[in-house]
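The lines below spell out each chain.
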Amino acid sequence: MLRQEEHAVLPKSTVNEQARQDFLNQLGKHVLNEITPGNKAAYEKRVLPQLRQELGREPESRHEIRKGMVRDPYYQMTSSFQRTVQEMMWNSVDDTIQRQLPELIATAKDIRAGETLGSLHIDPGFEIPDYVAENDHHCMPGGYSGELVDDDITAGALYDKGAFIYTQGLFGPRMDGIGKATALMIAATWPGLQPRKLLEIGCTAGGSTSGLKFAFPETEIHAIDVGPSVLRYAHARAESLGLAIHFHQMSGEAMTFDDASFDFVNCPATLHEMSRSAVHNVFKEAYRVLEPGGIFLLSELPPYEGVDPWTQFVRDWDTYNNNEPFWGTVHEMNFAEIAAEAGFDADSYWQGNGPGIAEANAMTSAVEVQNKKFMGSTRGGGQAWYAHMTKPKA
Amino acid sequence: MSDKIQTPRQAKGKRPQYFDDPNMDQMHAMIIALATEVSVLADRFDTIERVLESKGSLTRADIEAWEPDDAAWAERKENRAELIRRVFRSVREARGVLEGDDGP
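As you go down the protein sequences, you meet chains A and B in turn. According to our numbering, numbering within the first sequence proceeds without interruption in unit steps and concludes at 394. According to our numbering, numbering within the second sequence proceeds without interruption in unit steps and concludes at 498.
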């Protein structure tokens with residue numbers, strides 16, 4: 001049975017709420033595995049011949065393919081399914097949160113007031129960047145930065161419980177799959193490395209961060225995000241799991257950490273939620289806070305470069321249908337160039353596939369890893385895409 | 395509850411229109427919501443049956459406290475899959491036609 005592991009601030013579902021969440025999880029899986037694959041035949045048999053006629057040539061980009069596909073009844077049906085299931089999933093979790101919000105807020109507050117292993121630093125003067133404040137990423141109502149009341153934790157709870165459902169459990173019962181996969185990537189790339197002081201940029205509810213802390217218990221770990229509610233939740237969650245993690249409200253574009261204060265910076269699938277200029281700034285800031293010889297590791301969806309237009313179109317579903325306005329953009333960026341501009345050693349730059357979340361979670365028998373896809377129409381659970389680079393020593 | 399904190403229910407931004415007729419978008423969302431609620435009822439009914447079977451009588455608290463074991467979970471999962479197959483049969487058949495057979 002696939003169930004999220006309980007902790008102090010995880011909202012508890014009633015029987016009916018759980019039934020709704022279970023059904024939407026299962027329907028989402030059905031849509032991705034049994035319904036969306038039919039789009040390939042719709043494209044080849046109906047849309048492609050029509051596009052060839054209209055264009056007088058083969059379609060050359062995902063944009064041309066999309067213009068044809070949005071007119072196709074099968075694609076209309078599958079997209080409507082995906083969007084609607086996504087919306088209903090968030091609302092099904094919201095029911096659970098809203099019912100117990102005052103208690104959850106109080107629990108998080110009590111944890112903060114008690115003896116803590118890690119810490120929480122909220123910046124009262126912090127301004128949420130527009131690309132987060134004005135967009136509800138992946139259709140999550142209120143987005144990453146919403147704050148409904150004082151000491152709110154809603155966004156964190158919604159992300160933690162909702163993303164478990166919408167990734168169909170792939171992140172693992174503890175939602176730490178990205179961190180676990182990253183730890184496998186670190187072990188495979190730099191055998192024996194135990195970072196001394198590690199920074200995670202874009203921690204949301206702290207799932208990935210906790211995976212890293214479990215893997216590197218001796219490492220001093222700091223994590224930043226822009227949303228106060230996700231940070232309060234992440235901190236209470238980490239404390240409840242017995243993990244010493246230091247959470248800070250900060251933008252990856254302009255951090256208040258001293259120069260050369262970390263030996264490892266990790267950016268776990270965060271860049272696709274940021275604007276183009278923000279991504280450039282994150283590389284510059286990662287460089288600044290790293291000590292000479294320090295490593296910057298990031299995970300993202302693989303770039304579109306070299307991928308055929310149909311596959312690009314399939315992977316790009318979230319850009320137009322799941323409130324992911326930067327999804328397409330970031331997958332066309334040249335991280336190697338951005339890294340070199342920021343000062344990283346160009347020879348040290350590497351990008352490619354590495355351990356994925358499914359692989360990381362195969363270590364946990366409770367996780368069903370047979371589903372091959374999650375999100376949009378496309379993301380493979382098999383492997384993840386990474387890039388890493390080093391700050392020059394001298 | 396009067397002091398209930400109102401959480402946002404809709405994501406910011408314009409919702410894409412998928413079908414040629416916008417009412418179709420609404421109809422589809424309603425059908426999925428109805429299928430969900432049927433599944434919720436089926437799960438609750440399943441809980442009631444199982445509690446009754448083991449205890450002979452029940453309270454609402456018994457229902458809320460009851461957790462399926464792995465076997466019950468697997469049965470429910472299969473029942474949900476069957477519900478999905480039945481309610482959304484027409485879409486699967488459309489795929490079958492597209493892919494050149496007479497349907498699954």
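Just so you know, these hints were derived from the structure itself, not from any lab. Errors might be hidden in some of the hints.
[Stated by the list, open to error] Rough simulated footprint, nothing fancy, chain B against chain A, three-plus residues with beta-carbon under 8 Å:
| no. | segment |
| --- | --- |
| 1 | 34-43 |
| 2 | 162-174 |
| 3 | 185-191 |
| 4 | 221-228 |
[To be verified] Only pairs whose alpha carbons sit at most 25 Å apart, straight line, appear in this in silico SDA-like list of lysine to any residue:
| no. | chain 1 | residue 1 | chain 2 | residue 2 |
| --- | --- | --- | --- | --- |
| 5 | A | Lys40 | A | Val70 |
| 6 | A | Lys67 | B | Lys398 |
| 7 | B | Lys449 | B | Ile425 |
| 8 | B | Lys398 | A | Val70 |
| 9 | A | Lys12 | B | Glu461 |
[Unchecked claim] Label-pair distances were calculated between CB atoms; the ranges are:
| no. | chain 1 | residue 1 | chain 2 | residue 2 | range |
| --- | --- | --- | --- | --- | --- |
| 10 | A | Leu55 | B | Gln400 | 28 to 36 Å |
| 11 | A | Ala346 | B | Gln411 | 41 to 49 Å |
| 12 | B | Leu435 | A | Ala41 | 45 to 53 Å |
| 13 | B | Gln411 | A | Arg3 | 30 to 38 Å |
| 14 | A | Lys284 | B | Arg409 | 30 to 38 Å |
| 15 | B | Pro416 | A | Asp150 | 36 to 44 Å |
| 16 | B | Glu431 | A | Gly56 | 45 to 53 Å |
| 17 | B | Gln411 | A | Leu55 | 20 to 28 Å |
| 18 | A | Ala346 | B | Glu431 | 51 to 59 Å |
| 19 | B | Trp467 | A | Glu305 | 29 to 37 Å |
| 20 | B | Arg479 | A | Ala244 | 43 to 51 Å |
| 21 | A | Gln53 | B | Pro416 | 27 to 35 Å |
| 22 | B | Asn417 | A | Ala41 | 38 to 46 Å |
Cβ atoms here follow ideal geometry from the backbone N, Cα and C, with glycine treated the same way.
So, going through the hints one by one against the coordinates:
no.	hint	in the structure
1	34-43	holds (count 6)
2	162-174	violated (count 0)
3	185-191	violated (count 0)
4	221-228	violated (count 0)
5	Lys40/A / Val70/A	13 Å, holds
6	Lys67/A / Lys398/B	44 Å, violated
7	Lys449/B / Ile425/B	36 Å, violated
8	Lys398/B / Val70/A	41 Å, violated
9	Lys12/A / Glu461/B	13 Å, holds
10	Leu55/A / Gln400/B: 28 to 36 Å	49 Å, violated
11	Ala346/A / Gln411/B: 41 to 49 Å	46 Å, holds
12	Leu435/B / Ala41/A: 45 to 53 Å	35 Å, violated
13	Gln411/B / Arg3/A: 30 to 38 Å	36 Å, holds
14	Lys284/A / Arg409/B: 30 to 38 Å	36 Å, holds
15	Pro416/B / Asp150/A: 36 to 44 Å	39 Å, holds
16	Glu431/B / Gly56/A: 45 to 53 Å	50 Å, holds
17	Gln411/B / Leu55/A: 20 to 28 Å	24 Å, holds
18	Ala346/A / Glu431/B: 51 to 59 Å	57 Å, holds
19	Trp467/B / Glu305/A: 29 to 37 Å	43 Å, violated
20	Arg479/B / Ala244/A: 43 to 51 Å	48 Å, holds
21	Gln53/A / Pro416/B: 27 to 35 Å	28 Å, holds
22	Asn417/B / Ala41/A: 38 to 46 Å	27 Å, violated
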